[in-house]
Amino acid sequence: MSTSRAGEDLAALRELIGRHKRRDVMFGIVGLACMMVGVVTLIVLFIDLLIDGAPRFSWDFFTSFPSRRAGEAGILSAWVGTLLVMAVTMVAAVPLGVAAGIYLEEYAPKNWVTDLIEINVTNLAGVPSIVYGLLALGLFVYALGFGQSVLSAGLTLALLILPVIIVATRESIRAIPGSIREAAHAVGATKWQVTYDHILPYSVGGIMTGVIIGLARAIGETAPIITIGALTFIAFLPAAPVQAEFPFVSGEWLFAPFTVLPIQMFNWVSRPDTAFHANAAATGIVIIVATLAMNALAIRIRYRIRQRIKW
Amino acid sequence: MSSVPFSIGPAAQAAPVRPPAAQEAEAVGRPAPRPAAPPVPVKAEVRELEFHYGDFQGLKGLSMPVHERRVTALIGPSGCGKSTFLRCFNRMHDLYPGNRYRGEIRLLPDGTNLLASAVDPIEVRMRISMVFQKPNPFPKSIYENVAYGLRVRGEGNRRAIDDKVEQALRSAALWDEVKDRLQDLAFNLSGGQQQRLCIARALATDPEIMLFDEPTSALDPIATASIEELIADLKDKLTILIVTHNMQQAARVSDYTAYMYLGELVEFDTTERIFMQPKRKETEDYITGRFG
Amino acid sequence: MANAHGAGAIATGGAALAAPTRFAHRRSRHIKERVIEALLFLSAFSAVATTVAIVAVLLYESAAFFEHVSIVEFLTGTEWTPLFENAKYGILPLVAGTLVTAGVGLAVAVPLGLVTAIYLSEFAPHRVRETVKPFLELLEGVPTVVYGYFALLFVTPLLQRLLPGLPGFNMLSAGIVIGVMIIPYVSSVSEDAMRAVPMSLREGSYAMGATRFQTAVRVVLPAAVSGVVAAFILGISRAVGETMVVAIAAGQQPNFTLDPTESAATITAYIVQVALGDLPHASIGYQSIFAAGLVLVAMTLAFNIIGHYLRRRFREVY
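Protein chains in written order, with this note's numbering: chain A, 1 to 311; chain B, 1001 to 1292; chain C, 2001 to 2318.
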């Protein structure tokens, strides 16, 4: 074993290192390029939509029903439908998902039932969304008789985003240190009091993130809603939930046929008449702005929480 | 301060009686102020070394020699900067942002300043290898772990690698235990074996200096003893720097000892003198356990 | 679990609290706790119920389908013409379409996603990572129908300039867009796996004089391989189950081919096609989409089992 390096030995070593370092630099460039593929695609996609769809943007576009003439068609029924479906999804998915998350994190004993639930939550996240559509078609639309309605669609999407909310809830609950629970128990709180007074409020930020990401995903989901048979041409609005006459509220809208934004877009994109493609692009902008804004908000909340809370 | 509760290793006791190479070392040209060093060639010369991370100064003007084919121990209370100091020798600090060095560590005989920004940290690490606190074998076979440094250097000759691997495993006193299962995953070895594997990995590339960062802190006493024995054997071939928080260990394995406190070098001398007749009161207090 | 109404007891004067009230109070509290726990359990159990319901619906409707069509014909037939007079139900063309589009998608997503992950985990400066990662997360959020539009009206015309004979509907364009779409899934899961590799392993490699690239490829990637495999499997599941991009851009005609430059329907595209029409409930056509869905679920399940097996084989043992 040499205990010192001769000059030429060192020169050879430096030459070798130089070669290796050039490989480092090259990979750095390749890596940066690969990473930018996604980012550039996002930008190109957005610009493409803007170029195609911008001419269609007007007040009328938002206040008109679909039409056989591309220039007169609008997305009124679609965005109203999206809002209604989202309302159902939120009401169904948030309590269920948060409750499930709380159970798994705070209550669940270590046994095979818990394992079974956990495996199912993980697997459901990987089930293709169209399969939820098939489930809803067989179960909600026909077996339960909800028909091809706002209610069926809302419940379908609720099932779809349930794993997202459960996982987000669990993660934010898990971040709360055990000392907080012990402190609350030590002053005599019951398990539910500890959960309701401490665990829930402290994890609300993380849960919100999950809910927003889940809803953003639900807004853009098309396949399961097509599968349950949402109509693509709807030239009317469902009955308003608030009525002028007694009893002032009506659940009729829940069972109304409907369309949503992504389905309207799909419908227009599939038409051979290219005049409708501009409508599709304009609808795409509306959807993408809505989902990206929600995602950005969620990402922002998450980064803020990460910075703020240090247990 | 009459009795010192340590047995001093034979090597350290022999230290003052020096082989002839002394004049050679003088010829290389050492800097002026340093502790009374016995006439042993110097492998590396630390001069006015400072180290900052962010606004914090971790090392404050360290100067000392590292003697060739000797074991130098760095001791001191935790947080004194001994590991920080050790990791300057192979520029490990370059891996993390916000770290700055000042001063120099000259590697002899070529006189390369390891800390110079013109000097590639990779070159430094190819010349100076390191064994870490916890065994950190790669998730590869025993064979591939030892061969790693050679592969990193682009060595393609299968026979040459085979020879080097065997040689390194023999030097690390591990060959007999693993020769029949070189393709087994390294994680299947015991903690002490893993650490010896890491030593073999560091040896396989013929380093000039080997750094040990508390190499036995994660091991049981029997494994510790075998590592210490190994270090004593290795110093015939190369220069060793070892960080330890175990004073008995420093006394057992080292020829020279540096006592550090709060980022400063308090005292550097032969291990014998540090333990038997320290010049500084702080050193004496630490050695005798009256530190505080 | 001590005394929750302790505060109340002090407020009303502890001694004044009669024993029976106290007992009743405790019992009602106990019941309330049990009811809440039961409700929470039922919520969590809904995950199991959903899985059971999916399997039940698919099996029930498929069973009706298989009364008319033999399973052997279904699984081995190479013609899928359910809307013709003389309907043929051989699923292979749809499976082929699904595998080809997913294959093209993976050919795009796996290398790009993996290199991106290595770059983000081992090379990118902190600032770059923090800036770009949110963008990649946004990419995950783009609705698939928008990607479908992009594939049909942007990528296909672009490809047609390179490959003049390319039809307006083709699996290549749909596959490429699916690939870009799943890059973030592949890269973020792989990156997490690589970042989980302990720093001590990297230090061990750097201390041997390895470069970043050598450390990343020879130490970090092998150590993270099970997570990376999981990322690929996640990507495959996404690609196989992707619906809107293929329904819009790949065409609706079943076509038993492995050539990505042709037009072909996938399993998912077929389901969409039938759902858009008005086949009567309980007709064979209606039942056929459940049989197709069953095949889709079986395929994703198979990939997940393979992934699970691979992950076990390459389990991390830092």
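Mixed in with the good hints there might be a few duds.
[To be verified] Distance condition first, Cα-Cα at most 25 Å in a straight line; then the derived SDA-like pairs of lysine to any residue:
| id | chain 1 | residue 1 | chain 2 | residue 2 |
| --- | --- | --- | --- | --- |
| 1 | B | K1281 | B | E1229 |
| 2 | B | K1179 | B | G1098 |
| 3 | B | K1237 | A | P95 |
| 4 | B | K1140 | C | T2261 |
| 5 | C | K2032 | A | E252 |
| 6 | A | K110 | C | V2052 |
| 7 | A | K21 | B | I1161 |
| 8 | A | K110 | A | M90 |
| 9 | C | K2032 | A | A11 |
| 10 | B | K1140 | A | I17 |
| 11 | B | K1060 | B | G1098 |
| 12 | B | K1134 | B | H1093 |
| 13 | B | K1140 | C | R2202 |
To be clear, the hints were calculated from the coordinates, so they are not data collected in a lab.
Results for each hint:
At most 25 Å may separate the alpha-carbon atoms for a hinted pair to count; K1281(B) and E1229(B) exceed this at roughly 31 Å. This hinted pair does not check out: K1179(B) and G1098(B) have alpha carbons roughly 44 Å apart, beyond 25 Å. Restraint check for K1237(B) and P95(A): the C-alpha separation of about 70 Å exceeds 25 Å, so the hint is violated. Restraint check for K1140(B) and T2261(C): not satisfied, since their Cα atoms lie roughly 42 Å apart, outside the 25 Å limit.
At most 25 Å may separate the alpha-carbon atoms for a hinted pair to count; K2032(C) and E252(A) exceed this at roughly 35 Å. Between K110(A) and V2052(C), the direct Cα distance comes to roughly 22 Å. Compliance with the 25 Å bound is thereby established for this hinted pair. Restraint check for K21(A) and I1161(B): satisfied, since their Cα atoms lie roughly 23 Å apart, inside the 25 Å limit. Only pairs whose Cα atoms come within 25 Å are accepted, and K110(A) paired with M90(A) is rejected, the gap being roughly 30 Å.
Annotation: proposed proximity of K2032(C) to A11(A) is violated, straight-line Cα distance about 79 Å (limit 25 Å). For a cut-off of 25 Å, the pair hint linking K1140(B) to I17(A) stands: about 24 Å separates their Cα positions. Taken as a hint, the K1060(B) and G1098(B) pair is honoured in the structure, with Cα atoms around 17 Å apart against an allowance of 25 Å. A hinted pair counts as satisfied when its Cα atoms are at most 25 Å apart, and K1134(B) with H1093(B) qualifies at roughly 18 Å.
Distance restraint check for K1140(B) and R2202(C): the Cα-Cα separation of roughly 14 Å lies within the 25 Å cut-off, and the hinted pair is therefore satisfied.
When each numbered hint is compared with the structure, violations occur for hints 1, 2, 3, 4, 5, 8, 9.
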